[in-house]
Structures are given as C-alpha cells and as structure tokens.
Amino acid sequence: MKDVRIGIMSFAHMHAFSYAASLNQLPEATLAGIWDDDPKRGQDMAKQFNTQFVASLDDFLASDIAGVIICSENNKHRALVEKAAAAGKWILCEKPLSPKVEDAQAMIDACKKAGVGLGTAFPCRFIPSIMAAREQIRAGHIGEVLAIACTNHGQNPGGWFVEEAESGGGATMDHTVHVVDVLRWMLDREFKKVYCELGNQLHGESLKTDDLGSLNMEMDGGIQVSHLASWSRPQSFPTWGDVTLEFIGTEGVLNVDAFNQKLDVFDDANMRHAWVGWGDNPDLGLVTDFVRAVAKREAPSVTGEDGLRATEVTVAAYKAANAKEMVSV
Amino acid sequence: MNVAIIGCGVMGKMHAEMAVRCGLKVVVCADNFQKAANELAQKYGADSTNNSQPALSRDDVDIVVIATPTTTHAALVQAAAKEGKHIFCEKPFCRTVAECKSSIDVAKEHGVKLFIGHVVRYFQEFEAVRAQLQQGVVGEPGFAHLYRGGAYPAGQDNWFQNYKLSGGVTLDCMIHDLDWIRFVFGEPERIFCQALQRSNPETLDYSQVTMRMKSGLIAKVIGTWAHPSGFHVKIEVCGSKGMVQFDSNDVPLTSERRGEGAAVGTIVPSSPVLKSPYLLEWEDFLGWLEGRHEPRVTPEDGLHAVAMATAALKSAETKAPVTL
Ligand SMILES: NC(=O)c1ccc[n+]([C@@H]2O[C@H](COP(=O)([O-])OP(=O)(O)OC[C@H]3O[C@@H](n4cnc5c(N)ncnc54)[C@H](O)[C@@H]3O)[C@@H](O)[C@H]2O)c1
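Residue numbers (my numbering), protein chains in the order written: chain A, 1 to 329; chain B, 1 to 324.
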C-alpha cells in the first residue's frame with residue numbers, strides 16, 4: 001500500500017498521543033515527523049513515537065509530508081492551519097476547530113484557496129455505538145426524534161485548557177462541540193437556538209474559566225436538546241468522563257453511553273478503582289479516515305465546516321449565558 | 001383517628017393502606033367514579049360515596065386525604081379545612097400559586113394542619129445523598145443533575161393528558177425533584193425549561209430544565225413520560241471535593257418467570273426497603289398532628305414547588321428564562 005506521510009504539529013493537546021499511536025499502528029501511514037513550538041516536548045515525543053523532531057516550522061512544512069495533524073492550543077489553530085494550507089498539506093485539526101467563528105471561517109477559506117482538505121477531529125463519529133445509533137435512528141427505529149438529552153463530562157484538564165487566552169473558554173468550550181457534531185451528523189439538522197447557564201464552581205480559585213455549562217438548545221424542526229458540559233469528574237472518578245445521549249422519538253427511545261464498554265479494575269497497589277475501556281479506539285477510526293482522505297486527495301469525512309458549525313453553537317452558548325436569554329445561533 | 005379518602009385512584013389506595021398501617025381507620029372513601037370508591041371502601045369496611053362533601057364533613061372524620069387530580073385540590077383542601085379536618089394533600093399542592101396561597105390561608109383560619117405529600121423527601125436514597133452532602137463529602141456542591149420518569153401514567157379518564165389540568169410531567173412528576181433541590185440547596189434564582197407536552201398523535205411528555213439557584217448551584221432536571229415502559233430515577237451531585245451518584249437501575253433484586261403467560265420474558269427489578277417512604281411520610285404527618293415534631297414538608301414548601309414548576313412551564317411557553 002502507498003505510504004502516506006503524516007506529521008504532527010504540537011503535542012499541546014493530549015489527543016496527539018493517541019493520534020501518534022494510531023499513525024504508528026496503520027500500515028498505510030507513516031508518522032514522518034513532529035514539529036512543536038516546545039522543542040523539549042517535541043523531542044521527547046519524537047523519541048517516544050519513533051520519529052524525527054523538526055525544530056523549524058518552515059523546514060517541517062517544506063518536507064515531503066502530505067498531511068498534518070494539528071494539536072496545538074486552541075488559539076494557535078488558525079495560524080498553524082493557514083501555514084500548513086499554504087504549504088499544500090492536508091489538515092486534520094483538533095477540536096474545537098477554533099474558539100472563534102471568524103477564525104474558523106478564515107481557516108476554511110485558507111484551505112479552500114490552497115485546494116487542501118481540512119478535517120475537524122471529532123472522533124465520536126467513529127464510536128461504534130454512536131454509528132449504530134445513527135443507523136437505527138435513520139432507519140426510523142424510534143420514529144421521529146422529538147427531544148434529546150446529552151452529557152459530556154470530564155475531569156479538569158488543567159494547563160492551557162484553563163487559560164481563556166489560549167483555550168477560548170472552559171468546560172463548555174471543551175465539551176459541547178462533540179455532541180453538537182454528533183447530533184448534526186445523526187439527524188442532518190442544524191442548531192437554531194441556545195440557552196446556557198455557565199458555572200465556575202467546582203474548582204474554586206484555581207480555575208478561571210467555566211467548569212460547567214448547562215445548555216438547552218433547539219434544532220431545526222423544534223427538536224429540544226439539553227446538554228451538560230463539564231469538568232466535574234473528581235480525581236477519584238474511575239474514568240476521565242463520559243458521552244451520553246438520550247433520544248426521545250415518536251415510536252421509542254434510544255440511549256447511548258458511548259464509553260460504557262469497560263472493565264472494573266480494582267488495584268490495591270494504587271488503591272484505585274478504574275474503568276478500563278475495551279471497545280474500539282475511536283481515534284484510530286478518525287486517523288484512518290484522515291489518511292484515506294490524504295491518499296485520495298479528498299475531504300476528510302468530518303470537515304472544517306462541521307468544525308465551524310460546532311463552534312457557532314458553542315459561541316452562542318457563551319453569548320446566551322452572558323445575556324441570560326435564549327439566543328439564535 | 002379516622003380518615004376520609006377523597007379520590008380512590010392509584011394514590012388514594014396507597015394512602016388508605018398507609019393510614020391503616022399507622023393504626024388509623026378509614027371510615028369513608030369518596031370518588032366521582034362510584035366504582036373506585038366502592039372497591040376501596042369494601043377493602044377497609046368503610047362507607048363509600050361519589051360525593052366528597054358529605055365525606056369530609058362527617059363528624060367521625062379527623063383526617064382528610066386528598067388524592068384527586070391536581071386541579072381539584074384547592075377546593076377540596078378548603079372545604080376540608082372549613083370542616084375543621086386535618087389534611088393530607090397529594091403533591092402538586094394546587095394547580096396555581098394563587099390557589100396554594102388561598103388554601104394555606106383557609107387552613108390557618110380554621111386552625112387545621114395541612115401536609116403536602118412531597119414523598120421524595122422521605123426516600124431512603126435521597127436521604128442518603130443528603131447525608132453525604134451534609135457530611136461534606138462532595139465539598140461545596142456546584143451542580144446537581146436529577147432525572148425521573150418512565151412510561152406515561154394512565155390516570156382516571158386520561159386526566160394527565162390534559163396538560164392544562166395536569167401540567168404534564170413538569171408539574172406532576174418533576175415537581176418532586178424541584179422540591180428536593182430547594183429542600184437541599186435553597187431557593188431558586190432562575191429557571192429555563194423545554195417541555196414536549198405532546199398528545200397527538202403520540203402521548204408523550206419530556207421536560208428539560210436548567211435552573212440556577214441563589215447559592216450559584218446549577219441544576220439540570222429531566223422529567224420523562226416518554227418512555228415505553230419502566231421507571232428510572234438518577235441523582236448526581238458534584239462539588240469541589242467529590243461527587244455522589246444514585247441510579248435506580250442498580251437494584252438488589254431481580255426476577256424473571258419461565259413458562260407461558262404475559263409476564264414471561266420480563267425482568268422485574270425491585271429495591272425493597274423495610275419501611276416504604278410513603279409510610280415514613282405518614283409517620284411524619286401523624287407525629288406533627290400529635291404535636292411531637294414539625295413536619296419535613298410545610299404547606300409553604302408545597303407552594304414553592306408549584307411556583308417552580310409553574311415558572312418552568314412559563315419558560316417552556318415563552319422560550320425565555322423565568323426569574324423567581
Ligand atoms: N406522591 C406520588 O408519588 C404521586 C404519584 C402519582 C400521583 N400523585 C398525585 O396524586 C394525585 C392523584 O393521582 P393518581 O395517580 O392517584 O390519579 P388517579 O387518576 O389514579 O386517581 C384520581 C381519582 O380521583 C377521582 N376524582 C377525580 N375528581 C374527583 C373529585 N372532584 N372528587 C373525588 N374524586 C375525584 C378519579 O375518579 C380517580 O379515581 C395527583 O395530584 C397526582 O399528582 C402523587
């Protein structure tokens with residue numbers, strides 16, 4: 001099979017670990033190099049994932065890599081996407097595509113202009129339970145969908161995630177886009193209206209951003225959607241968090257607990273009870289799709305526009321929380 | 001003490017049983033639907049009537065239980081109070097806040113004790129969560145997520161389907177959680193709600209609330225009458241130091257029948273307790289009547305719960321948050 005050479009730009013976002021491991025797992029792809037504005041981190045990662053570290057961004061982009069996966073801080077996505085696009089690279093950008101609508105739009109425009117594919121890293125589309133739920137819903141298994149209740153909880157990631165200048169927002173920025181994308185993809189409908197209560201109340205002074213968003217939204221056709229985005233899981237929680245969806249249809253209901261393929265592990269040495277997932281790795285699906293897109297010079301399945309739509313909803317949530325009213329997306 | 005049961009449906013039957021278990025006597029059962037009154041009366045050797053007024057004015061009646069559809073509560077509470085009877089009224093206290101107010105006034109005026117059946121305050125799992133919070137296990141609570149419901153309730157003449165009467169799942173079912181949240185976390189500030197309230201062609205209701213409390217706590221409350229079967233309750237409270245969760249799907253007892261018949265293939269879960277929360281609620285009510293303690297639920301609590309549910313329904317209608 002043709003060797004698709006992929007580079008990773010920045011390991012600021014921890015998902016880069018999983019993407020690097022996925023690339024190393026794929027026979028059709030090679031992790032051809034890592035660039036990072038933190039050279040120490042870049043060198044360590046290059047060693048860990050058995051590839052080269054390229055210190056200069058220009059050299060990195062001038063190399064023979066065909067595609068890049070960008071895992072920088074959110075606020076750097078735009079500049080890196082624009083540079084990579086100008087160098088003719090196919091791009092998979094970590095979510096949120098950008099915390100700002102105008103930046104996300106500019107990134108899409110830059111890629112269009114350069115004639116390169118742009119994908120947003122929404123791995124939830126590659127989770128088998130979510131894929132199967134989509135099939136069931138589209139086959140009419142629960143009739144017409146009338147209401148949906150979602151959660152995307154996690155633990156406080158710390159670091160740059162909690163610096164608004166770099167992340168663009170807290171838990172609501174981090175944990176709204178996945179379910180928004182999944183629902184748009186499942187139902188082929190857009191979000192129209194958003195209400196949100198934002199909280200910063202679980203981490204005291206140590207956190208400057210929000211750690212909780214309770215959203216009520218409306219999709220095309222009046223579907224009512226509630227969502228909880230949070231960094232609320234305690235350090236002692238047995239896993240990082242969850243993605244859950246409850247669909248109410250005219251003919252039935254459907255529930256997804258996307259990471260509920262797990263072992264309960266009781267570990268005396270560390271006095272820890274952990275949930276260890278045994279299901280398929282969604283990041284591998286996401287990276288496989290990107291590699292295929294690069295090889296075929298096509299758009300990735302989850303596009304930049306998908307990233308933009310999710311950002312629009314999240315930005316509207318912050319706006320609604322400030323205005324204390326339901327706002328249009 | 002003797003009891004009159006007004007409304008002999010699902011809850012009327014339950015309260016008759018609890019009253020008897022507390023050593024009281026059911027002397028009369030009233031229901032517009034004579035058959036319902038007769039059946040319950042027969043079980044306890046009581047009289048039966050299809051007219052509530054003579055039942056609640058009987059000299060030998062000390063306590064009137066009101067377990068009729070919500071919109072009838074105010075008139076019945078006030079009629080019973082005027083007869084000098086103590087009152088156990090099912091939740092929701094009344095259909096409107098104004099009705100709650102006038103009912104409280106009439107009860108005060110006639111010196112009778114009025115109790116509202118917010119039974120969730122007595123559920124052992126809810127009390128266990130509250131105990132964890134009081135012990136500080138989660139630290140300062142930051143958010144609560146409550147979920148309640150299952151299949152659409154039947155109700156005499158499908159009265160629940162008339163959303164103007166019943167208020168749907170929001171007023172009739174979610175009110176339990178709204179009350180409990182206020183009981184545990186204090187007064188609400190602002191409430192936003194989306195409610196399905198569908199009666200045609202399918203009968204479904206699904207209510208999704210985001211509520212900000214004065215303490216800053218954010219609550220998400222989901223109420224469902226949209227499920228094909230079952231009944232499910234979940235509680236989650238998260239704070240600065242930890243989290244507590246309850247899920248009614250985790251039970252200590254399940255059974256399933258082999259062979260022929262309707263129940264075959266159905267796994268029946270249950271979570272038995274020695275004392276039903278309805279019995280605990282009755283013991284609390286009777287302790288109050290006997291002057292032993294204050295009740296866990298006051299009529300004002302009942303009023304506030306109606307106010308919260310009413311605000312939620314208004315928000316659902318206007319698509320705007322309602323400040324309380
Ligand atoms: N605490 C709980 O767990 C709980 C659970 C269900 C219902 N409820 C509440 O209990 C009340 C009754 O609900 P239900 O489920 O028992 O309903 P139901 O329909 O089973 O019973 C109501 C009964 O009242 C009778 N009735 C109607 N109007 C009357 C009137 N004016 N005078 C006398 N009888 C009359 C009806 O014929 C019916 O038999 C409602 O307020 C409901 O919200 C509480």
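Keep in mind that the hints are not guaranteed to be accurate.
[To be verified] Heads up, simulated EDC-like pairs for lysine to aspartate or glutamate below, C-alpha to C-alpha not over 16 angstroms straight-line:
no.	chain 1	residue 1	chain 2	residue 2
1	A	K193	A	E312
2	B	K25	B	E283
3	A	K100	A	E312
4	B	K234	A	E135
5	B	K319	A	E205
6	B	K319	A	D257
7	A	K193	B	E283
8	B	K314	A	E305
9	A	K76	A	E102
10	B	K241	A	D257
11	A	K324	B	E283
12	A	K100	A	E305
[To be verified] Some but not every residue of chain A turned toward chain B, in silico, with C-beta under 8 angstroms:
no.	residue
13	S232
14	N322
15	M326
No lab work stands behind these hints: they were computed from the structure. By construction, the Cβ of each residue, glycine as well, lies at the ideal position given by its N, Cα and C atoms.
To see whether the hints hold, each was checked on the structure:
1. At roughly 11 angstroms between alpha-carbon atoms, A/K193 and A/E312 fall within 16 angstroms of each other, so this suggested pair holds.
2. Annotation: proposed proximity of B/K25 to B/E283 holds, straight-line Cα distance about 15 angstroms (limit 16 angstroms).
3. Between A/K100 and A/E312 the CA atoms are separated by roughly 8 angstroms; this keeps the pair inside 16 angstroms, and the hint holds.
4. At most 16 angstroms may separate the alpha-carbon atoms for a hinted pair to count; B/K234 and A/E135 exceed this at roughly 28 angstroms.
5. Proximity of B/K319 to A/E205 is assessed by CA-CA distance (about 33 angstroms); at most 16 angstroms being required, the pair is judged violated.
6. Proposed proximity of B/K319 and A/D257 is contradicted: the alpha carbons are some 29 angstroms apart, above 16 angstroms.
7. Under the criterion of a C-alpha separation no larger than 16 angstroms, the hint pairing A/K193 with B/E283 is inconsistent with the structure, at around 48 angstroms.
8. Note on B/K314 and A/E305: the hinted pairing is violated, with a Cα-Cα distance of about 36 angstroms set against a maximum of 16 angstroms.
9. Under the criterion of a C-alpha separation no larger than 16 angstroms, the hint pairing A/K76 with A/E102 is consistent with the structure, at around 14 angstroms.
10. Distance check on the hinted pair: B/K241 and A/D257 sit about 25 angstroms apart at the alpha-carbon level, beyond 16 angstroms; violated.
11. At roughly 43 angstroms between alpha-carbon atoms, A/K324 and B/E283 are farther apart than 16 angstroms, so this suggested pair is violated.
12. A hinted pair counts as satisfied when its Cα atoms are at most 16 angstroms apart, and A/K100 with A/E305 qualifies at roughly 13 angstroms.
13. Restraint check, A/S232 versus chain B: the minimum CB separation of about 4 angstroms is within 8 angstroms; hint holds.
14. Interface restraint check: A/N322 against chain B, minimum CB-CB distance 13 angstroms, threshold 8 angstroms, status violated.
15. The closest approach between the C-beta of A/M326 and any C-beta of chain B is roughly 5 angstroms, which is under the 8 angstroms cut-off, so the hint is satisfied.
Of the numbered hints stated above, those contradicted by the structure are hints 4, 5, 6, 7, 8, 10, 11 and 14, listed in ascending order.
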